[in-house]
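Protein chains in written order, with the working numbering: chain B, 1 to 494; chain D, 1 to 95.
Please keep in mind that the hints were generated in silico from the structure rather than gathered at the bench. If you're wondering where the values come from, they're calculated on a predicted model, not measured in any experiment. A hint or two may mislead.
To be verified - What follows is a set of in silico ranges between Cβ atoms, one per label pair, in the way DEER data are often shown:
#	chain 1	residue 1	chain 2	residue 2	range
1	D	A89	B	A60	16 to 26 Å
2	B	A57	D	I53	41 to 51 Å
3	B	E101	D	M92	55 to 65 Å
4	B	K238	D	P25	17 to 27 Å
5	B	A57	D	A89	33 to 43 Å
To be verified - List time: in silico DSS-like cross-link candidates among lysine-lysine, alpha-carbon distance up to 25 Å:
#	chain 1	residue 1	chain 2	residue 2
6	D	K6	B	K305
7	B	K6	B	K99
8	B	K454	B	K488
9	B	K267	B	K84
10	D	K18	B	K145
11	B	K336	B	K349
12	D	K18	B	K454
13	B	K305	D	K18
14	D	K18	B	K349
To be verified - Sample of chain D residues lacking proximity to chain B, with all beta carbon distances greater than 10 Å (derived):
#	residue
15	D4
16	T5
17	K18
For glycine and all other residues, C-beta sits at the position ideal for the given N, C-alpha and C.
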Amino acid sequence: MSDLMKLTLAGARDALRAGETTAVELTEASLVAVAASKPLNAFVHDTSEIARSQAKAADARIQAGDAPDMCGLPIGMKDLFCTKGVATQAASAILDGFKPEYESTVSQKLFDAGAVMVGKLNMDEFAMGSSNETSVYGNAVNPWKVDERDLTPGGSSGGSAAAVAAETCLAATGTDTGGSIRQPAAFTGITGIKPTYGRCSRWGIVAFASSLDQAGPITKDVRDAAIMLEAMCGFDAKDSTSMNLPVPNFEAALTGDIRGKTIGIPKEYRVDGMPDVLETLWSEGRQMLRDAGAIVKDISLPHTKYALPAYYVIAPAEASSNLARYDGVRFGHRAKLENGDGITEMYEKTRAEGFGAEVQRRVMVGTYVLSAGFYDAYYNRARRVRALIKKDFDDVFATGVDAILTPSTPSAAFGLGEMANADPVQMYLFDVFTVTVNLAGLPGISVPAGLDLKGLPLGLQLIGRPWEEGDLLNTAFALENALGFNAKPTQWWQ
Amino acid sequence: MSIDTKTAGRVAKLARIKVEEVDLPALAQEFTNILGFIEQLNEVVVEGVEPMISVTPQRLYRRDDAVTDGDQQAAVLANAPDAREGFFAVPMVVE
């Protein structure tokens, strides 16, 4: 593999501006790495023609001296983002053949900034999963491998995390509804940030749970996260929940100076069965932030335990409503009908054929909790609990806490197929540390912290105040500097 | 709460997902497990707490009431499984 793919976004940007390489060279190196990464099954739709033409245009902009930070940098695009004229399936059979007539706001912003799309990336179907095992394209595979087993890259942005960790592209887009950026980033030893709800436009992103969904970048380090997040953010009149606030220069916030900042350590995030090594990394993280001049104090977020059950009411409820549009009429798959079948049979057969098991399960759970007689008992109760979860964070921030340090996941990546016979609820537990952040609409970032006893990466999560991504990124930058994590997977797939 | 096969069938119908009769018992068991997990929420005291509508204290953005888009029939129909004469075509709806 070419050394060009070892660059960070920042490194490649600087090399482009210095004339040491070109966008065309970077893109060709990326396309070679993508082609060699087939065993990882991270890339699911080829966009090499688009990439080559975007790279040429980027080189012209760089030469003209009109080059934004992302200009000429090869990235992967999660299959959840509608990309004009390019297959967009949300990893579902029900969107087989769908080619959007429009471009999502986030992908358009990245293209306007000159980014080069080298392919569409694998994910869990409709972003519903924590292991990338619900995809119609098959499993994406974690580049990290310690024995004969293939491991999950996490989910739902599993293809994005695998592609970046394997250095096939410099960064990738992800989306995060309950941890789908931060958990795969942690499982693959890289960085992922979910911004405050309303920072990125949701327009053109296939909807899962609209009150929780946010886009964000999956990158090699914190500086890259700052650079790419800035290009993705901003007010959009086409998303009524997008916030009309200026987007700060996030990279400029990375001073590494966190003296006087207050970091909260929530006692509720210490869960049974957490590996010792994770506990150790967490306490080392605390000490590192203290050494960097921050004030570290214990805090309580008393409703944490109820976040997952609240999430598994609210997210399916919203999903059942959002996914009602897949009816075989306007786009995607339509079932073959028998003589005499009417429109109801068409809906029912189309949705039974088109949705995978986990999506069907969540749509039906959502239907149930919204149905007459259960709406108050389940849906409204979950929304009340959500208000209490948010209040836990508000109360802590009101005491002067700037950021909260937790583990990103309760364990390292598990083997693909190992959870196949487990109760779905067992799989849901992998989101236990991330889901609170979506329910409270807060920004959260996962940075790689170290390796477990088997040699698999583990992440630490920092949670920030709303709209304070710059401050959060700076704290993450200080933590990253102190942790000094630089392990990479061996390239067994080549 | 335990979900019986009749309820599971009714939910599948409401969700417009065809589930074969033989698969209903397993589905009912899955619902029972998931709802059992969700029922932890009953431990929380929620009296006087308003159900959250928006996570950010923000009125939804409203634009001017004006026509800003249109005349895109071909684009709208481009992905339809069956489009005829400028319309989406579906099986007979009314006998």
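- Item | Hinted pair K18/D and K349/B, Cα distance within 25 Å | Distance of about 6 Å is within 25 Å: holds.
- Task: Look at the Cβ atoms of K238/B and P25/D and judge whether their distance stays inside 17 to 27 Å.
- Result: violated, 45 Å
- Task: Decide, holds or violated, for the assertion that all CB atoms of chain B are farther than 10 Å from the CB of D4/D.
- Result: Nearest chain B Cβ is 13 Å from D4/D, so the label holds.
- Task: Given the hint of 16 to 26 Å, check if A89/D and A60/B actually sit that far apart at their C-beta atoms.
- Result: violated, 45 Å
- Message: Hinted pair, alpha-carbon criterion (25 Å max): K454/B, K488/B. Please report holds or violated.
- Response: holds, 14 Å
- Task: Could you check the hint for me, namely that A57/B and I53/D are 41 to 51 Å apart, CB to CB?
- Result: 43 Å Cβ-Cβ, so the 41 to 51 Å window holds.
- Query: Between K336/B and K349/B, does the CA-CA distance stay at or below 25 Å?
  - Reply: Holds: K336/B and K349/B sit about 8 Å apart, inside 25 Å.
- Beta-carbon spacing of A57/B to A89/D - inside the hinted bounds 33 to 43 Å or not: At 40 Å between Cβs, range holds.
- Query: CA of K6/B to CA of K99/B, is that 25 Å or under?
  - Reply: violated, 32 Å
- Task: Compare the distance between the alpha carbons of K267/B and K84/B with 25 Å, and conclude whether the hinted pair is satisfied.
- Result: violated, 46 Å
- Least C-beta distance between K18/D and chain B, which was stated to exceed 10 Å: Incorrect as stated: the minimum Cβ-Cβ distance to chain B is 4 Å, not above 10 Å.
- Task: Decide if the proposed pair is consistent with the structure: K18/D and K145/B, CA atoms, cutoff 25 Å inclusive.
- Result: violated, 40 Å
Of the hints listed earlier, those the structure fails to meet are numbers 1, 3, 4, 6, 7, 9, 10, 12, 13 and 17, in rising order.
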